[in-house]
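Can you build the whole structure from these sequences, using the hints too?
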Amino acid sequence: MSTIPRTLYEKVWDAHVVERRDDGSCLIYIDRHLVHEVTSPQAFEGLRAAGRRVRRPELTLAVPDHNLPTTARIDANGQELPIADRESAEQLGALRRNVAEFGVPYIDALSARQGIVHVVGPEQGFTLPGTTMVCGDSHTSAHGALGALAFGIGTSEVEHVLATQTLILSPSKTMEVRVDGTLGYGVSAKDVVLAIIGRIGAAGGTGHVIEFTGEVIRHLSVEGRLTIANMSIEGGARAGMIAPDEATFAYLKGRPLAPTGADWDKAVAWWRTLPSDAGARYDRSVVLDGSAIAPVLTWGTSPEDVVPITGVVPAPESFADPSKREAAQKSLDYMGLAPGMRMQDVPVQHVFIGSCTNSRIEDLRAAAGVAIGRHVADGVRAMVVPGSGLVKRQAEAEGLDRVFTEAGFEWREPGCSMCLAMNPDKVPPGERCASTSNRNFVGRQGPGARTHLLSPAMAAAAAVTGRLADVRELMG
Amino acid sequence: MEAVTRVSGVAYPWGAKNVDTDVIIPAHWLKTIKRSGLGQGAFETVRAQPGNIFDDPRYAGAPILIAGDNFGCGSSREHAAWALGDMGVRAVIAPSFSDIFSGNAFKNGIVPVVLSQEAVDRLVEVAKTDPVTVDLETMTVTTPFQDRFPFELDAFRRRCLMEGLDEVGLTLAKDTAISKFEELLDEERPWIMGERADAGIAVEGAGRT
Ligand code: SF4
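Read top to bottom, the protein sequences are chains A and B.
Position 383 of the first sequence, counting from 1, maps to 383 under our numbering, and the rest follow consecutively.
In our numbering, each residue's number is its place in the second sequence (first place is 1) plus 1000.
Keep in mind the hints are simulated off the structure, nothing from the lab.
Output of the computed footprint for chain B on chain A, the stretches with three or more beta carbons under 8 Å from beta carbons of chain B:
hint, stretch
1, 31-42
2, 80-91
3, 152-163
4, 261-270
Here are the simulated DSS-like pairs of lysine-lysine, each with C-alpha atoms no more than 25 Å apart in a straight line:
hint, chain 1, residue 1, chain 2, residue 2
5, B, Lys1031, A, Lys426
6, B, Lys1174, A, Lys11
7, B, Lys1107, B, Lys1017
In this text, all values refer to a predicted model and were calculated from it rather than measured experimentally.
Glycine residues also receive a C-beta, built at the ideal position from the N, C-alpha and C atoms.
The structure is reproduced here in structure tokens:
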């Protein structure tokens, strides 16, 4: 073994090389494969057509999420309710048939463990430090929060992994994003990651795997880290990783699929060797001062269009790059905003608290902390969609559901929901949504929908004030 | 994937330039759960026009499509290659292809043949009445009239096509290496494989409130 200091990414990569190829690419072993209903049907069909099987079904876990309605799934008699959208029902049915045929472990829509794949993976202990992990979904980067090398793949690659448990990959460049200092009052992981993307740009991480380091990251809970790594892809990165530490181990211990007994001890011992060595070199480094990060949100149609809540809508002329100037003008037209408008004066009609970025218990606690004793403003529809059935159950045990419903929020069943509007939860054209999700692209939350990305606490603040609001004014 | 050494027969004498993936398969077909059956949606907008080439009985079921520059531009959707394959096309001849499309074509056993514009023009003429042959052995496109147009292909991809190896098939040929890696993995990191992933996760249907 070489003595050259290595980064976390390099260590995980090296531990998974099955074979090095002449052109520099490698055959990489895949330890964990998550499957959902949208990107898997053709992959299973490919296996079927070629008479192939799933090589390691036990390293695979399937769960439906994108198409599921977030309304009740069973009636008063416990009977499963049908799904109205024919194509959604068909995709969900195909997943059920495929997992049965190929023997893939599956969490059914009616199980309490069901949820968004990227919430379910860590929650079940399926996601582990130092693993290679894939899913036919770009936000697979989330799992890097636990020190996995996790990234999204296309349908042919899904089939490749199902059949061979490997992928042919070329190594990525490495980028360190260090966030120093301590976070200010009312500032959360979501603000940090939005600030990072605002800084590096939506294509800033292209070709790189980002490692998030620094005091701020180290002090974040695993759930906060998941929020950060989740959005690595919005900064263009192939994946985002955070070195596993005591917080990671404590989070994983006792989870249903986490190792136990002697295996646990052996695993922890190996995981401790994973953090980047002193002197390891990154191809690029970016440093942010955590104490300078304010609660932020997006004003445009790219996640890099970030502004502090105390700021104003920027003027297109303020961008030096002509293509950026043009894009800004287009964004403002789409968003129905004028330069110079105070962000805090912008009214909203919808609030969405959910998605794989911000639907875990800590997110719901943060939002409930703002909602408690207040009421959703007139003319605002606000919904809370827990990331999984277990998150929902936990929130109900803590009474958060009542806080939300008494404040006039809808309390719904877990799924992707209004994050991508593939199920019936959509923002109508021209209406504005304060959303804890990860993409503010044109039409992402429904055709013509206007999205502002922000933290769960900021979303709750928008719900109760009826406008984009500075959550710090509503706290304590 | 079926091996392709020779594609011979009727060819659609189309020649259209800049055929994008939306033309090959419109977006509304992407919600399908199948890779097969997309032939029905292939060239839907072209087929909406009376007298179009794809519904002309003379060319029905042609295994070759002749097109113009920049074939398959637009999105990365693999559905474009799936749609062509489903309608029976095994080779596309054009002066140039989008990179992503030609990658997808190879993955799905369709030969993208790059020939000069003059050669393509000549083939469009011939194909109106006579068959065309794409031969991977000799790396030529020929017609019954002495035409002989040599073309080039990446050696690795050519081999994949000729031996019917898709990437999955190629990797499956590495079974020994993968199995060896798994043995090592089981020793060094025993928590990755084994019983654990099945424990506690069966098809769970217990009702939730
Ligand atoms: S919640 Fe949104 S981003 Fe996350 S997996 Fe679902 S659709 Fe994708």
